[in-house]
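Novice: Sequence:
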Amino acid sequence: MSPRSTRHPSSPVRIPAVPHGRRQRRSRAWLLVVLGWFMLATLGVAERREHPVGRAHAAYSDDSRQDWNDPTRPRPLSATVWYPAARDSREQPWQAGVFEFGMIAPDAPMPAGVGRLPLVLVSHGTGGSAPQLSWLAEALAGQGFLVAGVNHHGNTAAEARTLVAGFTLWWERARDVSVLLDRLLADPRFADLIDPDRIGVAGFSIGGFTAMLLAGARVDLDAFHAHCREHSGDHTCRPPPESAQTEEDFQRFLAGDRRALASLRTAADSYRDPRVRAAFVMAPALMPALSDESLRGLDLPVQVVTGAADTLVLPGFVQALARRMDRVDIDTLPGVGHYAFLAPCNDAGVEQLARFCVDAPGIDRRQLHHRVAAHAVAFFKRQLCQAHRNDAAAGTASDTHEEVDPCSTP
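In terms of the UniProt record's numbering, the sequence shown has 195 at position 195, counting the first letter as 1, and numbering is strictly consecutive.
The set of hints was computed from the structure by calculation and includes no laboratory data.
You may find that some hints are simply not true.
Simulated pairs of lysine to aspartate or glutamate, DMTMM-like, Cα-Cα distance not exceeding 25 Å [claimed, not checked]:
id, residue 1, residue 2
1, 381, 299
2, 381, 347
3, 381, 249
4, 381, 326
5, 381, 234
6, 381, 331
7, 381, 197
8, 381, 403
9, 381, 50
10, 381, 273
What follows is a set of in silico ranges between Cβ atoms, one per label pair, in the way DEER data are often shown [what the hints assert, rightly or not]:
id, residue 1, residue 2, range
11, 366, 88, 23 to 31 Å
12, 354, 186, 25 to 33 Å
13, 366, 161, 25 to 33 Å
14, 161, 92, 23 to 31 Å
15, 335, 72, 29 to 37 Å
16, 293, 88, 46 to 54 Å
We put the beta carbon where it would ideally sit given N, CA and C, even for glycine.
All chains, please: the whole structure from these sequences, using the hints.
Specialist: What follows is the structure in structure tokens.
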């Protein structure tokens, strides 16, 4: 879940052309978690950028679905792409409204002869935008990954207003990410930069739910409704704080809108994208809406990071994934709340939007981001690079630039 922030319109991308065993892990003890985060922070992986980080915007669409505001137009897919930039690129602060997204070099060139790189797709929280995860994307891009995030139509602060459809038809988000990948692979600006055999996904809150669908989890609305009858106090069972609509608005839309009814019939479909090889999930919402059978059948590694002080996505429901999945690692962070995964705020945000901008005593949001991002970098290096190294040893790996590719180093 994410609050509304200033709109980020798409702009042309100006990147110059370049030459071409089954196991179950439980949540770790808090002491071990703290020790693990300390070790990652000491390594400084996410804080030390190997490359400046470039940022580009792209405007795509999904012709198979309609714009909720105008059924004569296709569904918009506004995207942000982060990438390792040339050494002499000049980074600058990136902020919007009260949020300080990070340091980027807008439309900077990439290093010459960079070759194909691993790609991580990111999915933002409800009512947020892709730039809210720039802290994670920048850490990955600074280590040599490509990163791309889409603003989910109807559920993003990057549009003039949010819509009931964006808050209720959660599974449509997974299609956004898969179509974004299709568009990137067909875009001459990016196609020759992406290694299609090294693709991961990351998400926060309902973006974490989106990542789980892409990994192979499936929606079970009957199970979710049963969960909400038993746990009526669960925040995921009612409209989130970021929504301007009421529960009555939600129910009226789901019962009477023709397009909503059509989408509901596809809720339980598989949104598994076989191109995705690993998933990094932060404070994932709606975990009780996923079917046990689909979770048991997930065949790729999933890393979950959640906060012990999260009152919106209750840690117990996230930790239950350890009983429902065979290949998951769950880290629970003491004192960390839900909105600690949002971009840091300036002083005005701290004063005006304390709910989204102020963390518990002892939690430094920037330090937390460095540590979580370092964990994500290590996770994707581990999960996406081994197959590439095997291919390299066999002489079948795609062309890469060793100074840029994150898989060229341990």
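Novice: With reference to the structure, classify each hint as holding or not holding.
Specialist: Hint check results:
Of the pairs offered as hints, the one joining residue 381 and residue 299 holds, with about 18 Å between alpha carbons and a cut-off of 25 Å not exceeded. The suggested pairing of residue 381 with residue 347 is violated, with an alpha-carbon distance near 35 Å, which exceeds 25 Å. Our distance criterion of 25 Å between C-alpha atoms is broken by residue 381 and residue 249, whose separation comes to about 44 Å. A C-alpha spacing of about 21 Å is found between residue 381 and residue 326, which places the hinted pair at or below 25 Å, so the restraint holds.
A C-alpha spacing of about 35 Å is found between residue 381 and residue 234, which places the hinted pair above 25 Å, so the restraint is violated. For the proposed pair residue 381 and residue 331, the alpha carbon gap of about 18 Å is at most 25 Å, so the pair holds. Restraint check for residue 381 and residue 197: the C-alpha separation of about 13 Å stays at or below 25 Å, so the hint holds. Restraint check for residue 381 and residue 403: satisfied, since their Cα atoms lie roughly 15 Å apart, inside the 25 Å limit.
The straight-line distance between the Cα atoms of residue 381 and residue 50 is roughly 14 Å, inside the 25 Å bound, and the hint therefore holds. Restraint check for residue 381 and residue 273: satisfied, since their Cα atoms lie roughly 20 Å apart, inside the 25 Å limit. Between residue 366 and residue 88 the Cβ separation comes to about 26 Å, which falls inside the hinted range of 23 to 31 Å. Checking the proposed 25 to 33 Å range against residue 354 and residue 186 shows it is violated: the Cβ atoms sit about 44 Å from each other.
Checking the proposed 25 to 33 Å range against residue 366 and residue 161 shows it holds: the Cβ atoms sit about 31 Å from each other. Distance hint check: the CB atoms of residue 161 and residue 92 are about 29 Å apart, consistent with the given range 23 to 31 Å. The given range of 29 to 37 Å is broken by residue 335 and residue 72, whose C-beta atoms sit roughly 50 Å from each other. Restraint check, residue 293 to residue 88: a C-beta distance of roughly 53 Å satisfies the suggested window 46 to 54 Å.
Consistency note: the structure conflicts with the earlier hints numbered 2, 3, 5, 12 and 15.
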